[in-house]
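Add chain B to chain A, keeping to what the hints say.
Protein sequences, first through last, are from chains A and B.
The numbering of the first sequence is our numbering, which starts it at 1 and goes up by one.
The numbering of the second sequence is our numbering, which starts it at 1 and goes up by one.
In short, the hints are calculated from the structure, not lab data.
Not one of these hints is a red herring.
All copies of an identical chain are treated as equivalent in the list; a pair is satisfied when it fits inside any one copy or across any two copies.
Here are the simulated EDC-like pairs of lysine to aspartate or glutamate, each with C-alpha atoms no more than 16 Å apart in a straight line:
| no. | residue 1 | residue 2 |
| --- | --- | --- |
| 1 | Lys-187 | Asp-176 |
| 2 | Lys-348 | Glu-252 |
| 3 | Lys-28 | Glu-41 |
| 4 | Lys-10 | Asp-71 |
| 5 | Lys-115 | Asp-71 |
| 6 | Lys-10 | Glu-51 |
| 7 | Lys-3 | Asp-300 |
Number of protein chains: 2
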Amino acid sequence: MSKLSTESYKGVRDFYPKDKFIQNHIFKKLRETVERFGYVEYDASILESAELYKAKTGEEIVNEQTYTFTDRGGREVTLRPEMTPTIARMIAAQERELAFPLRWYSIPNLFRYEKPQRGRLREHWQLNVDLFGVESNEADTEVITIAYSILKHLGASDDAFIIRINNRKTINALYDSFNLSEDERYKVSKLIDKKNKISKEAFSRTLSDIITTEKGSLLEQILSSSEHLITHLGAEHPAIKDTREIIKKLSEQNITNVVFDPTLMRGFDYYTGVVFELFDTNPENSRSLFGGGRYDDLLDIFGARKIPAVGFGMGDVTAKDFLEVHDLLPQYTSSTQVHICTLTTLQKPAAHALARTLRNANINVSLDISNKKIGDQIRYATRQHIPYVIVIGEDEVKTEIYSLKNLDTGEEKKLTASEIISLFTTHA
Amino acid sequence: MSKLSTESYKGVRDFYPKDKFIQNHIFKKLRETVERFGYVEYDASILESAELYKAKTGEEIVNEQTYTFTDRGGREVTLRPEMTPTIARMIAAQERELAFPLRWYSIPNLFRYEKPQRGRLREHWQLNVDLFGVESNEADTEVITIAYSILKHLGASDDAFIIRINNRKTINALYDSFNLSEDERYKVSKLIDKKNKISKEAFSRTLSDIITTEKGSLLEQILSSSEHLITHLGAEHPAIKDTREIIKKLSEQNITNVVFDPTLMRGFDYYTGVVFELFDTNPENSRSLFGGGRYDDLLDIFGARKIPAVGFGMGDVTAKDFLEVHDLLPQYTSSTQVHICTLTTLQKPAAHALARTLRNANINVSLDISNKKIGDQIRYATRQHIPYVIVIGEDEVKTEIYSLKNLDTGEEKKLTASEIISLFTTHA
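One chain only, chain A, in its complex shape (with noise of 0.2 Å):
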């Protein structure tokens, strides 16, 4: 027979305990964030209807950069390269029975046809946070708040990163003033979205080119800070206001590590309002961790109501890049807390009786059954991470008092079970 590939498929990955293990840490921090604020988690199925893209993103890009394949009933199926689509219809479609607001959060794993690379593969998984049902910018707070919370969780300090915030709608005013056709706003916003990726003069140019020098070197203007766009639209612009209004209560909440930039577009398909993002200031990782923004409409395609609707993502792969170039990844520790090792074959029976005693007591404890010399059993413990070990020999079994030791700093207690167990119920 011939030898079978041990590689995993192309732009995934596979999670050995150790990597599990950070993925955990971020996933329980994201979850205990979230949860603070009172959103509640959902979840559903990677396999959805192609249709459900089709309707929002086109055609193109769902054949050319999701996974799409036809199951044998005929039916087009996309393994999910987001959630945003999969809440919109669930919510769709118990629209009446729910209590609005809503606020949802899920971990979904989500999947793109793409070439990997640092920070992009073919497989990740994204917090989704949403908050359904309130028009007001206390739900654009809210959410920018969480997403800010999160990081500060992680243990990120708030020199580590910025929240740029904008709105879509001071950019359709902008361009309103300046009369551009669909198509010239269409062009415009996709060379903003890049404007990071190139030069400035590559920029400028574009820029001409697309609604001639005078306008372009106006706009590019105007772009250039805050200030000048609300000069050029007026204090008193509604969506002026409301975006000033969101970094007033931000810093009410004393979150101050925030700009209001006028180029942000986060991409330009659903959103309808507040636009943000977290972005790294480090200069090894300088970029966008993730963000968000509001989508007031995208429950139109199902025919259901209008229902107001705010929300962000933030993908595994970026938040564990950003935890190691800011030094926050924990350091790799078994869950097991004690590895129970027997001198012969006789005190099994003991092992066995002690392990079911501190399991009882929500120990997590791994008895050895290798059954090799005793040292071999302590250094199986420091290679798997465990943190200590008991070794059971007749007086053990006799006195039942055991020696707990600490393989980390070498410290040996002599203890009972129950001293063992409310060590480990102190520690914890």
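Just chain B now, with coordinates in the frame of chain A:
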């Protein structure tokens, strides 16, 4: 624009918060149990090379019963139908770096292309528990003990289920004693595997068609009880001794709802020794809940050294059905613990401040931003199954004493923020 369907793809599930609550409850119990026994979590992508399944399963089954498609790079990709080939691949890849024995678990989602029916969907989640590197039956005993402990931890009583145990080696010894050919063994095994789904007459008739009436009725008689099998093979036969020793070791752990069932097959693909299953004794749900066994040869396909292995899988759909039939499902309650309401918008700053204080003490708090009438705000909390509300009016802002109302009992307590915190901390 035509209206898009809000239905999910055929044979998969949407998890609304109430559904996700149930799944989270089950997963939490599974994780807790397996971690108590020292198992650590791993994971992998659902995308695998189709090759991985063809090696052991045969091309036909891969094409007919799995989701397999060709990606644009010409790779044949399968949505994993089971986790065992993946864990075998991962272990073979790092065989030299890993410290054995390995105790690993995962809760992957798996895909099968088949007609959806009770207990079998196109996508389901399955706990996988595996122990690699131990040849002795201490490993089999441990894994069966975990399977038992999972059902107990989910709330089941000992009489709700029975553990059936058999051994592929006793089956093989039995076939040897009948001088059966490879083809006869395959057909007889297949027939025994579906014994409970056909009548006794149909079973006997088909059996005599395969191996003559005389041999058939003798075989049937031997299979009718473990005592007959033991008499036939001899109590000193290694596979008989091994099986009975496991049953004895389980009884030393107070696990006594166990039978030695010579007809238990559990499929017959990669198992090489002990096989077992947990069977629901409730007449309304009389069926196999889950099971597993020993598979010592699986890493062969990667050209890796032989590593003994034993494990089992437990599906979430079956688990949920079991809990439903035995009335063990918990009542839904939101992960949000308190909903803070405000009489007027004037109390918003105080409400935000209280929410922050409670959240900093790890309490999950939602803040009303609907700006509806106070009665509606409280009704909303009830509909969301949030157990407590706090209403903030002028008095509360002044006194900083809040009335915490239990929406289930109607009971109200006047408390300071720190009293609220200690109330929730003691409850948890």
